[in-house]
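J.: First to last, the protein sequences are chains A and B.
Residue numbers for the first sequence follow this note's numbering, so the first one is 1209 and each next one is one higher.
Residue numbers for the second sequence follow this note's numbering, so the first one is 20 and each next one is one higher.
No lab work stands behind these hints, which were simulated from the structure alone.
Be careful, since some hints might not be right.
[As the list claims (entries may be wrong)] Taking lysine to any residue and the SDA-like style, the derived pairs with C-alpha atoms no more than 20 angstroms apart in a straight line are:
{"no.": "1", "chain 1": "A", "residue 1": "K1377", "chain 2": "A", "residue 2": "Q1304"}
{"no.": "2", "chain 1": "B", "residue 1": "K194", "chain 2": "A", "residue 2": "E1382"}
{"no.": "3", "chain 1": "B", "residue 1": "K516", "chain 2": "B", "residue 2": "D579"}
{"no.": "4", "chain 1": "A", "residue 1": "K1360", "chain 2": "B", "residue 2": "M278"}
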Amino acid sequence: MIVDRRPLTFWEKLYLPAIVGGLKVTLKHAYSTLIQRKVVTMEYPEQKWTLPENYRGAPYLVKDQEGSTKCVSCQLCEFVCPPKAIRITPPGASGQKADRANAEKMPKEFEINMLRCIYCGFCQEVCPEEAIFLLKDYSITSTSREELVYNKEKLLALGGEHGGIQKWKHKLEEAKAQENFPVKV
Amino acid sequence: MSTTATTETKPAAPAIEKIKVKVDGREIEVPKLMPDWTGKLTPTTMIQACELAKTDVPHYCYHPKLPIAGNCRMCLVEFGTPALGPDRKPVLNPDGTAKIAKSPRPAIACATPISPGMEIYNNTPTVKQMREGVLEFLLINHPLDCPICDQAGECKLQEYSVDYGQSASRFAEAKVHKPKAVDLGPRIMLDDERCILCTRCVRFTRDVAGDDKLGIVNRGSYNTIAAYPGTQFDNNYTLNTVDICPVGALTSKDFRFQMRVWFLKETKSLCNSCGTGCNVLVSSREEKMYRYTPRENDAVNGPWMCDAGRLNYKWVGRADRLKDVLMRGAGQGGLVKTTWLTAINDISDKLKRAPAGSVAIVASARQTNEELYLLAKLKANLGALSDSVEHTGEADRLLVSADKNPNTNGARLNGICYTEIGSNLPQIAQGIQSGKIKTLIVFGEDVTTQGIGADLLAKLDTLIVSDILPNATTQLAHYVLPGAAHVEKRGSFTNTKGRVQKFMKAVEAPGDARAEWEFLHDLVHNVTGKNGYVTIEGLFNQMAAEVPGFAGLSWAGLGDTGVTVTI
Ligand code: SF4
Ligand code: SF4
Ligand code: SF4
Ligand code: SF4
Ligand code: FES
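Bound conformation, chain B alone (with noise of 0.2 angstroms):
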């Protein structure tokens, strides 16, 4: 079996026409044709060539992922084109550069296409008058609510103001007053003064979630968003409107009030609850996660994520968590508080001294590849059958899997499970009815719903139980070593289209609680008697160069972004 390690998606595309135009007199060359918000190459914009030259061009209504809409008008240049002769040739100048015949109308940056030579002009003074007088009509009714508004810290309407606001209105008159607090759905708070009315939401619910239920009602200063009567706006994807509406206007019911955007902390990660694996970032404050907001990946899940998946983080911080190591005492005694060392010492001795084929292993694809990896150490060491669990729900058009694990193909490729996840567990039932298997390892799963039921267990000489919450499974554990959630520690996922992807640790494991591959290592060790990697950037390079399925890849060659492995 060979596999390729590539980042790319898609063969790579016919090569594009490149064309020089200059920003802010800094030449520079750019692709004639560019991905629009569906990824189809429309012609490039002046807004698109500015991000290639590196230079800011502030603006409200456009969005990479959006279709775009024109009407914020923030950010208006100007520009210039070569000038031509009645006979159709570029005019020179007497140095023989082409004349640039500059537009007496600024434009909108964001729609007007680029053409070849010419320039646009980012920083003029009547740039700049321009964008203070579309920041002053927008800041006419806007009710100025910073100190109470979730978005403060993050609002594009506070960060042009710096650059380019006023520090006093001049608009004499009462503001127009809106509804407040509007209750949107069952996720979304609207606070519709607030509105810069940019229509991004609208057209994310309209052309992404394909579920229309924005709108604008009412005319001029009494624009105001709403969702169409009678109906609540609650699809999966709401809570993406709140990450690009660019302003307070839109909040987030679960963030509200929770904490400002200033004190959190942003790390890296995934989300685990189905087996796309959108990109996330997990805000938190001394140890305690806020929220998860979606991390751009075009590879996987581009700038969204579902709400479900956005919401699913509040049993990490659930009071039952485990969070000691616990040992049966001898004889029928319950299960008593014990330390690592004594724990994995005991599990060592048992395991090596148990015969060929008389251990199983049920592990879970909601472990991290390198975990998984290290499980199957032990299974090969100790002959053992393994397993995992499946777990399905519903699949939808946009991101969400039917698989709700997160690292399904994980399992596969460092054989935990078949294709066929789950098929082997009669069999493991089996062997415990039969007497064969007498050790039974369980990582992350409640076996005792798959047909492993309790009088099994009991059959059991050693039942050793990792998890992050209680269960009927940790119950009746010989032995439970607390692990922790995918927040609390490093690894990686392999999603169901084969995109490797590592995430970060935000938060750390409450009590005793530990990453599960720094003590499946030591474990690992004991049993097999062989040293591994103690980082996990090492364990990682080590499963890429014994896994055949993992061939090629590396730590931080996964980068932010991921890499895919053929499945």
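Just chain A, same shape as in the assembly (with noise of 0.2 angstroms):
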């Protein structure tokens, strides 16, 4: 589609009254600090904003109320992330078990790629465990690009806890009600 260039009008083509124009807006903002001394700045990062309820910032794994890894390893956040910053390890059959009951599997490794990360949020939106949340970090430095990779260990640590139904822990309270089929955990 061509858009056509609307023609200057002669007040336009003066040129001197959007110079004027420009100069009131600095000239107002002068005043308001060099007068009334009002602070339009902050002083990052001793002082730092507060940021919305919906502040999507870097993505972290989360633990149930009870200290337990959420994440059973289901790998859809890894297929869902645009950009691919997202690399799980299964355990595999032999490997390490879920450390809470009934869940069967958690993963071996689990890394996100902070620097390719664009906080879309895909990952928290897709999982079906409740396990990964964007939280409001977005201030993630380092001097090199390793540390920026982010284990699963260090996503754990910084994502904390975050409660929410158990459904595994239901589900195995639920079987072992039943007397007909003890259920081996």
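Join the two chains into one complex using the hints; note that each chain is given alone, in its own frame.
T.: Here it is as structure tokens:
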């Protein structure tokens, strides 16, 4: 589509009125800071702004209220992540069992490359276990690229605890209540 | 010698009468009789007719290669047949078409035969409702373990739930819980909660594998799949039940929690563990193989394969793979790393200077037709003796062949070995002993276990060895040329019945390792001075033109399922 440029009016062609308009803004700010002593900047990083409730910062892994890993290594987040920032190593058959009963598995390794992450929040949205959340961290710095690949341990430490329904625990309790089929854990 | 290439394995059957039916309003002609799971001709069923009409009928218990059970009810369809008047004559509509009497009851498409003029309705609101109902019942006690279930991504329950499922369950009671992670046998893990009781696994092991070990115990909602008490489900075909289980109840211990299926790239390939040459799909992600699954080919393996072959892939990723081109330094030097160019040029020079009859070739019947063809060219040029090595094991009544080489017939057709494989080996040993044979070319075999021991090998001027894994022969070699496993290259095998089948490349070879046909092509070019084809297609077609056994074949013509030649 071609949009024709509107020809300038005589007033616009004069050029000076626009300069004056710009100067007016500058002067207004000069007045409010110099004369009225109003602060328009912030002393970052000592001071930080309050983030809105729905702010999407870096994605971290969370633990449940009993301190167990919630992620079950379903790899949906790895699949959905647009810039392929997530890399999960599944446990395999003989690998480490999940650290809570009945969940059967958890990732052997879970890495997020914070340099790749675009904070889209897809991983949080797709996760069937409510195990990954975009928290409020936005200032992610380091002296090397390698350090910015966060591993499972680091992600879990940063993510902290996030309660919610414990479905695997519920299933187990429900099963245990049924005498006919004692479910081995 | 003349051979005719055919795609048929049996002579053409007598023509079968065709009948007309309508599927969702579209009229098609279908044969009146079609092969059932054993291949016997039986009246065509609705599900077969719908398949011919390219209409999907959702189903769980039906499997084209298993006896029909008709227990899941997922395949319910509505149908009608031409109405008959009291005079047993068809009633006609005013426009002259036959009046269809719609059956008041639905029928299961998997077990109901078609009749002339029948109309099948696969898409009506009633059909949709019935399927929703069936699915709701199946999900009543289903644990919805998808995040921890290996089947997720290739699960029929998931797929049909997307098509016919409800977003919320109306079942307010507690679900019946059943045993989870049951160790059914050495290779199989069972999760009883996920089982939808389609009995595919029971029918497979009873009727196909002939090892009647699985059954359903308990009643009603407590129905549970179990192995016969006190026994292990451990025949050589157990992993096929994992493939046919429509849900994640039966899972492979080998593949358990290894990788989610949606990441896997599937490559059409062959199993090379025996002479049967079962068609497989190699699943890999980022150059790592995760599993083999059988690929249907009715002329070879049907939809099945044996467990031993299926699990025989791990050696490909072994850490001690030969990755470097090695060359023995001057004098008594050890093996040092070199480049392909140096090694191939060096070998070519030596072979060109070798007097006729001073070279012998021991090839492997695990190599591809194309590679054996190139070796045969070398053999002809050098007037060399050649043979291959026999590997045998136990055969069974289903698929496993006693011949553990995947390409013995390819070696025979290319003239590398003779009807009795290995008959030339003593002669080669003798030649070395007498000093007549000065150069030995070995591909993919450890000749020290075949009567050509280290003492004999020490007498050679030049020992050229290409292999994939190190062995006693590669250690004594003057030149070690690292080769590629069959999943790392393209090529074709000729199975015990003479079926020529091709396979594709799934993963990259490690380090400097290269497909044998690539460097053999260079070698043949240097030694004979004649150029050949540098693509596998060209090479195969050249072989088909020159080797009478493969006459009439072409790479493209092999298709996915191969072509049978006379052997
Ligand atoms: S927020 Fe988006 S980019 Fe970042 S890890 Fe999650 S899915 Fe990937
Ligand atoms: S974080 Fe959630 S989506 Fe990602 S692997 Fe773990 S359970 Fe699955
Ligand atoms: S069997 Fe299918 S539906 Fe059931 S848990 Fe496994 S993937 Fe999900
Ligand atoms: S284990 Fe699988 S194949 Fe066997 S009855 Fe259950 S759902 Fe069917
Ligand atoms: S597929 Fe027909 S009843 Fe199961």
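J.: Mind checking the alpha carbons of K1360(A) and M278(B) for me, to see if they're no more than 20 angstroms apart?
T.: Holds: K1360(A) and M278(B) sit about 18 angstroms apart, inside 20 angstroms.
J.: Given the hinted pair K1377(A) and Q1304(A), is their Cα-Cα distance within 20 angstroms?
T.: Judged against 20 angstroms, a Cα distance of about 19 angstroms means the pair holds.
J.: Can the restraint linking K194(B) and E1382(A) be considered satisfied, given a maximum Cα separation of 20 angstroms?
T.: holds, 8 angstroms
J.: For the pair supplied as a hint, K516(B) and D579(B), confirm whether the alpha-carbon distance does not exceed 20 angstroms.
T.: The hint holds at about 17 angstroms.
Violated hints: none; the structure is consistent with every hint.
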